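Read top to bottom, the protein sequences are chains P and W. For what it's worth, the working numbering labels the leading residue of the first sequence as 1, then goes sequentially. For what it's worth, the working numbering labels the leading residue of the second sequence as 1, then goes sequentially.
Think of the hints as simulated: they come from the structure by calculation, not from any bench. These numbers were taken from a predicted model, which means no experiment stands behind them. We treat Cβ as the ideally placed atom computed from N, Cα and C, and that holds for glycine. It is possible that part of the hints are untrue.
With a straight-line Cα cutoff of 25 Å, these simulated DSS-like cross-link-like pairs (lysine-lysine) come out [stated by the list, open to error]:
no. : chain 1 : residue 1 : chain 2 : residue 2
1   : P       : Lys-55    : P       : Lys-3
2   : W       : Lys-62    : P       : Lys-3
3   : W       : Lys-62    : P       : Lys-99
4   : P       : Lys-71    : P       : Lys-99
5   : P       : Lys-99    : W       : Lys-78
Per the computed footprint, the stretches of chain W lying under chain P, defined by three or more beta-carbons under 8 Å from a beta-carbon of chain P, are [said to hold, decoys possible]:
no. : region
6   : 64-78
7   : 101-114
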Amino acid sequence: SQKIEQNSEALNIQEGKTATLTCNYTNYSPAYLQWYRQDPGRGPVFLLLIRENEKEKRKERLKVTFDTTLKQSLFHITASQPADSATYLCALEGTGFQKLVFGTGTRLLVSP
Amino acid sequence: DARVTQTPRHKVTEMGQEVTMRCQPILGHNTVFWYRQTMMQGLELLAYFRNRAPLDDSGMPKDRFSAEMPDATLATLKIQPSEPRDSAVYFCASGTRDTNTEAFFGQGTRLTVV
Numbered sequence: 001s002q003k004i005e006q007n008s009e010a011l012n013i014q015e016g017k018t019a020t021l022t023c024n025y026t027n028y029s030p031a032y033l034q035w036y037r038q039d040p041g042r043g044p045v046f047l048l049l050i051r052e053n054e055k056e057k058r059k060e061r062l063k064v065t066f067d068t069t070l071k072q073s074l075f076h077i078t079a080s081q082p083a084d085s086a087t088y089l090c091a092l093e094g095t096g097f098q099k100l101v102f103g104t105g106t107r108l109l110v111s112p
Numbered sequence: 001d002a003r004v005t006q007t008p009r010h011k012v013t014e015m016g017q018e019v020t021m022r023c024q025p026i027l028g029h030n031t032v033f034w035y036r037q038t039m040m041q042g043l044e045l046l047a048y049f050r051n052r053a054p055l056d057d058s059g060m061p062k063d064r065f066s067a068e069m070p071d072a073t074l075a076t077l078k079i080q081p082s083e084p085r086d087s088a089v090y091f092c093a094s095g096t097r098d099t100n101t102e103a104f105f106g107q108g109t110r111l112t113v114v
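So that you can see chain P by itself, here it is in the shape it has in the complex:
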């Protein structure tokens, strides 16, 4: 069956360090992989999208990698800040904006 797995345990890091979150999937062949941020009581907010033919994408302090052989994406936040504390969700999508399916998310806590 299809699975999207993210670390269910919270990730605790110190301010200024790089946070790395993992998204693994099985039985999928996504055309796109997306990362979202969700704050308590709010809906998810889009951060980055990476295509199956791209290895890496960057946006400000964010970096996403996509390895279709390993079926894994890594999401990095460099120079992390307490304001980065949130739950981060990865989502897989087929071609033509089909069926956007989410992982369960990983909670990130950045301490001052």
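Following the hints, complete the assembly by docking chain W onto the known chain P.
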């Protein structure tokens, strides 16, 4: 400031009652998703529409849930009859290929069935 609007924000209802949740997608978006979020299951895709036509509702319990788009500005999700296990936050999201497939989420409807 374009955004997805969901109503109501909170709903408490008794088991067996009908619940209707509404969503106004962003004007011009042709794809609408309905999700349910719980602590145990995370964000589950219930159904989604393209140009108001249902494309996939395989994630939805068919016997009690129904989703429709009466027009391009309104999507509805109904539960009849509701059960305590339906308690969750229900999110609507909209998007289009023109926005690089980014999905814009509403604030959600927090449903409690007692």
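Checked hints:
1. Lys-55(P) x Lys-3(P): holds, 21 Å
2. Lys-62(W) x Lys-3(P): holds, 22 Å
3. Lys-62(W) x Lys-99(P): holds, 18 Å
4. Lys-71(P) x Lys-99(P): holds, 18 Å
5. Lys-99(P) x Lys-78(W): holds, 20 Å
6. 64-78: violated (count 0)
7. 101-114: Since 8 is at least three, the answer is holds.
The earlier numbered hint that this structure contradicts is number 6, and it is the only one.
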